[in-house]
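Enquirer: Residue numbers (our numbering), protein chains in the order written: chain H, 85 to 434; chain P, 85 to 434; chain W, 85 to 434; chain E, 85 to 434.
Please note: incorrect hints may appear among the correct ones.
Treat identical chains as interchangeable: a pair holds within one or across any two.
[As the list claims (entries may be wrong)] When the alpha-carbon atoms are kept at most 20 Å apart in a straight line, the in silico EDC-like pairs for lysine to aspartate or glutamate are as follows:
no. : residue 1 : residue 2
1   : Lys237    : Asp133
2   : Lys158    : Asp309
3   : Lys433    : Glu390
4   : Lys158    : Glu308
5   : Lys237    : Asp271
6   : Lys307    : Asp386
7   : Lys433    : Asp133
8   : Lys158    : Asp276
9   : Lys307    : Glu126
10  : Lys106    : Asp309
11  : Lys307    : Glu215
12  : Lys158    : Glu305
13  : Lys403    : Asp309
14  : Lys158    : Asp304
15  : Lys307    : Glu117
16  : Lys433    : Asp386
Honestly, the hints are just simulated from the structure, not real lab data.
Number of protein chains: 4
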Amino acid sequence: MIRFECDYGEGAAQPVLDLLQKTNLEQTPGYGEDDYCAAAAEQIRRLCDAPDAAVHFFVGATQANLTVIDAALKPWQGVLCAETGHIHVHETGSIEATGHKCLALPATAGKITAAQIRAAVQSHRANPSHEHEVQPGMVYLSNPTEVGTLYSKEELTDISATCYDLGLYLFVDGARMAYGLMSPANDLSLQDYAALCDVFYLGGTKCGALFGEAVVITNDELKEDFRYAIKQHGGMLAKGRLLGLQFLALLDGEDGSGCSPYFTLAAEADRQALSIREAFTAKGIGLLHDSPTNQQFFVLPDAWYEALSRQYAMSGMGKPDDDHTAVRICTSWATRPEAVAQLIADVQKL
Amino acid sequence: MIRFECDYGEGAAQPVLDLLQKTNLEQTPGYGEDDYCAAAAEQIRRLCDAPDAAVHFFVGATQANLTVIDAALKPWQGVLCAETGHIHVHETGSIEATGHKCLALPATAGKITAAQIRAAVQSHRANPSHEHEVQPGMVYLSNPTEVGTLYSKEELTDISATCYDLGLYLFVDGARMAYGLMSPANDLSLQDYAALCDVFYLGGTKCGALFGEAVVITNDELKEDFRYAIKQHGGMLAKGRLLGLQFLALLDGEDGSGCSPYFTLAAEADRQALSIREAFTAKGIGLLHDSPTNQQFFVLPDAWYEALSRQYAMSGMGKPDDDHTAVRICTSWATRPEAVAQLIADVQKL
Amino acid sequence: MIRFECDYGEGAAQPVLDLLQKTNLEQTPGYGEDDYCAAAAEQIRRLCDAPDAAVHFFVGATQANLTVIDAALKPWQGVLCAETGHIHVHETGSIEATGHKCLALPATAGKITAAQIRAAVQSHRANPSHEHEVQPGMVYLSNPTEVGTLYSKEELTDISATCYDLGLYLFVDGARMAYGLMSPANDLSLQDYAALCDVFYLGGTKCGALFGEAVVITNDELKEDFRYAIKQHGGMLAKGRLLGLQFLALLDGEDGSGCSPYFTLAAEADRQALSIREAFTAKGIGLLHDSPTNQQFFVLPDAWYEALSRQYAMSGMGKPDDDHTAVRICTSWATRPEAVAQLIADVQKL
Amino acid sequence: MIRFECDYGEGAAQPVLDLLQKTNLEQTPGYGEDDYCAAAAEQIRRLCDAPDAAVHFFVGATQANLTVIDAALKPWQGVLCAETGHIHVHETGSIEATGHKCLALPATAGKITAAQIRAAVQSHRANPSHEHEVQPGMVYLSNPTEVGTLYSKEELTDISATCYDLGLYLFVDGARMAYGLMSPANDLSLQDYAALCDVFYLGGTKCGALFGEAVVITNDELKEDFRYAIKQHGGMLAKGRLLGLQFLALLDGEDGSGCSPYFTLAAEADRQALSIREAFTAKGIGLLHDSPTNQQFFVLPDAWYEALSRQYAMSGMGKPDDDHTAVRICTSWATRPEAVAQLIADVQKL
């Protein structure tokens, strides 16, 4: 069985393991107050052109999401997100467990718009009983989205300006940040994220690390005492250096051209995904979502689905009709060229 | 600077890194539903002689503590613990953040007693306004305690019987379990823990793993749907196998005689700690706490403290009087014999 | 200005005030442990034919809703409700503030169906990643609904059987219970509610009391320690007797025929509402919702809206198109016949 | 049985009931947005000499406490209070249920000091691991305290200055405010409270109202969006006017000289309490706490306790030794002179 069902099925890019091994018996202070975390944070600030940003490392994305959102919102505030947003549907109510409601908006291609955000806030404020409703306090996006699509620079700029105008924080979940940045369809840079968001993160777990997400806070209001929030939610890793080390390895030698493992591995995964997509569409297969990144969504005739399932693990995405099954196929930093070639060959034979 | 200030200053025991490297590019399902986690859980069940126990892996202890406690308690229940308990004083109110109060009891040598537990519950129940107080629902201990001391089998048996009688859950935080089990002063086995507790854990982070705690649930009432609780609090590691793999490496070949890395490394750390203790006490230095495990607590004359601080990192524990400074010195699975020898030599010279 | 915009614009039915005055200087124990609360609870148990039910009094409905739901659910569970449900849209995220997600279902005429509930639960359980979603643990309905409509006995029986089959609790918010029970369209009795629900309440605030809701718990699992939950959320009134007294006054002499103030006042309000409805529909005015209870929803031409607004306070319900404004008109236990007659006369003149 | 065990055993002062009756059928907007609430708030602002204060009415004290504290604190902050503080021991963990820890300090005569507060905060800030502890964010006092004692103006001024200096909010629970203000031992005025506290309240429930507490917010940081917090916790009374009306009745005609029912009734209750105290101490009975307000605490020989218990309800306060029983005796706005005279006569006979 070759697994294409997710982008977290393997361990880590080799430079990550090498650096963990190399530094293994060094003694450092705990809880992220070591030199490796400091160096990794500095590297990220440099790449974001955000010298004053606060950078904090988390083990995983759910923990990062709930900590950032809980730390930023007043008790009566909620977070606007796509109805397909990860925090709304895939995290077991982790945001609600911190006391905050997800205010879900209809999504188009996995995305929400500045106009939707403005309408939701205006509707809330225009309601004479607005104190009986949850107050929108933040916008949560993921980019790439849950369905692999990308916000353009224009879209993110509009959303950012709207949030600023309305007094909302803008938070971008970048669990698949590297795949987004390296997609041919992308026109956003890390500097753009830093300039447009109040807080966002560069995902490590799905992009070459064993685990880890690097949260970048650019808004001063959100910086103070953030480490308390991390600790309170159980997110402060005792051997915090493990997170700094991994990002150091992934971003080693990065000069802004995408030359480090973080970016070169993602670029290759995107290329693989698009070649798989081409193979399917060449055979007339429809797309469930039109994604330019490492996740691809196909609507397969059931017979095809059955045939491919014997050899390939894919994520089921439901049955759009009686004769078809939708699937997600992911590539990742670890996807072997031979696996892609074999899948493409098998598709071509169908 | 040689660091003795904690037991999480290095990476992991070499077999852990080796196994991570060896399995790095294998593809497995995520979120702990892989064969390595299954095998590690089975190994732990075997060592605990608890074939029906549920075993879940967490990245860290704060996360494990808050998830277990929140999952077990009714909203109006609190958790009885020592006033020095980690959840009460060192976790930024993580238990309260899930809505539950820590009901702190005075501690003697870091421990609480069955009699204290019974008195607290009886006092609550006898109060005609008991509904205006938090209801005790669980007892939380750590063993070894925060100050390195150990509950004896008799003490834990008494507490267990009291909890059973009163309808309280008993939860033992075993962040330093290995150091406790291997101490010459210990008379408890993993089977005892499994028989006496409703839920407890074997710490990995401080005992040879990069990170990880293995929570063992023996009470059926606490097993159902526990994975929802893990996910909700952000504790479900995407590449869950990393946790299973580490415990497999640490418990590899374990036959109950303490022959695996988990136990042999801890036994050596305990020996080192006791030799350091002997060096200090031979010089007439007093003990802040009388610990038979890898944490040692000394009351140093200030001049000694200053002299030693130049070369050794120790944890400050306050100033008991104007002329003395209390310190904690920890050994761990990673402590080098040369470092111990040097410290002892330097102490002898003072 | 004559106010028809809600059913809580006045104080209380006179028998309520009379009884408060009559008993004013009596001394009773606090926190609901007095004889008046005991007598009111007994009267309610008798009317529900539920001798083992637990009855608890709350000051208001939001407090009752959040306390019942929080006490019943596991931390990772959510509550299924209509997307128009009061807890989802009008209570400032009070359920989420206790850590639980509202799982909103599309509503038809303000109602959800047994089939929707079953589909939602089955979809959750069929998801191999169900632990990443909130687990449905309870169904919340209001009857009458937010839009004045009623669940029939058949509908409620279906929902109850479905909940029982799926292991969900069924909770009915009866803030307007009296108006529902006395509607000509109703076929449910208090005994039916007690037999079909795990927990429900008889609203007092909108049905003749100064304030107060009487929560009836029939499921033994939900009875234990419920007073802790009330106190913890700040819902335990010091002079709890004020709640018992009000329900005693409203249900005084009730023999099951609807002869007490609680029911006679609601029956008259329903009659008034239906006569207003008849006046509007006779003039060709459309209904926003087809309600047989004390809330009526009309789609008025803007000119009508403007004309009526000069004399009558109504609740705005948005503009369905450029030329119309939707409004809610409520009668209540306090609505004067002259006010109704004047409104009807004015409508007939338009 | 004559009840002296608490100060909430009766209904309300007659002017309260009269005003409720007089306005009963008036129609007003709901949720505290009516003219009566506005007038009561204005009266309170005038008495506090705090024209910019926000005034919000709550049904009860637990609700007021948890809402104020939750609204003011960051998620990782806790509230410093006396170990005997109501929020710490008598409210079923209501503060913890909102996610915040009570940071209890040892109390002397029910009070904590500016020095204790400063020491606690300095100790926290000096801890290099302070992020692993709950951050103090607020000081909660009650005045009169749980044991009837009073903070002097000097003490409250010191605490206020310390809080200001350390960046903590100061919150005073005034559930028994009237009894404090009218005590002969008091040197604080409402203007002092407004000048020294960030937020405090005037209790109604124990001081002549059926129920109700008037929260006065003087710090601008705490004013914004506070009504959301009230609604979210279920504290927004539908017929909010009931609260405004009661405070209007109690403060009617108040010109700062203590001439309104709120103050005259409390002054009489204090006098009654002190005459009871005199009767006991004249017989050589010891005081458990030395209170100059309406709560008195005596240490009775068991025989006395048994004799008095046959006729008088008192609150048991435990047995300080084998031969004595401690009791609380409360007077209130409703205490009849004959009841006091009878008790005194019976004491003199013992």
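Enquirer: Now look at each hint and say whether the structure bears it out.
Expert: Structure-based check of each hint:
Taking the shortest Cα distances, Lys237 and Asp133 sit within 20 Å of each other inside one copy (17 Å), while across copies they are farther apart (54 Å). With identical chains, the CA atoms of Lys158 and Asp309 are at most 20 Å apart both within one copy (15 Å) and between copies (10 Å). For a Cα distance limit of 20 Å, the shortest separation of Lys433 from Glu390 inside one copy, 14 Å, qualifies, whereas the shortest one across copies, 70 Å, does not. Within a single copy, Lys158 and Glu308 get their C-alpha atoms as close as 15 Å, and across copies as close as 11 Å, so both meet the 20 Å cut-off.
Within a single copy, Lys237 and Asp271 get their C-alpha atoms as close as 6 Å, which meets the 20 Å cut-off; across copies the closest is 58 Å, which misses it. Taking CA atoms no more than 20 Å apart as the test, Lys307 paired with Asp386 passes in neither setting, with 51 Å inside one copy and 38 Å between copies. Neither within a single protomer nor between protomers do Lys433 and Asp133 lie at most 20 Å apart by alpha-carbon distance, with minima of 48 Å and 53 Å respectively. For the homomeric pair Lys158 and Asp276, neither the shortest alpha-carbon distance inside one copy (27 Å) nor that between copies (30 Å) is at most 20 Å.
For the homomeric pair Lys307 and Glu126, the shortest alpha-carbon distance inside one copy (16 Å) is at most 20 Å, but the shortest distance between copies (39 Å) is not. Neither within a single protomer nor between protomers do Lys106 and Asp309 lie at most 20 Å apart by alpha-carbon distance, with minima of 33 Å and 40 Å respectively. In the homo-oligomer, the alpha carbons of Lys307 and Glu215 lie at most 20 Å apart only across protomers (14 Å), although the nearest pairing inside one protomer, at 28 Å, exceeds that limit. Taking the closest pair of Cα atoms, Lys158 and Glu305 come within 20 Å of each other both inside a single copy (13 Å) and across two copies (12 Å).
For the homomeric pair Lys403 and Asp309, neither the shortest alpha-carbon distance inside one copy (47 Å) nor that between copies (27 Å) is at most 20 Å. Proximity of Lys158 to Asp304 under the C-alpha cut-off of 20 Å is found in both arrangements, the shortest distances being 16 Å within a copy and 16 Å between copies. Taking the shortest alpha-carbon separations for Lys307 and Glu117, only the intra-copy value of 16 Å comes in at or below 20 Å, while the best inter-copy value is 36 Å. Taking identical chains as interchangeable, the C-alpha atoms of Lys433 and Asp386 lie at most 20 Å apart only when both belong to the same chain, with a minimum of 16 Å there against 65 Å between chains.
Hints 6, 7, 8, 10 and 13 from the earlier list are contradicted by this structure; the remaining hints agree with it.
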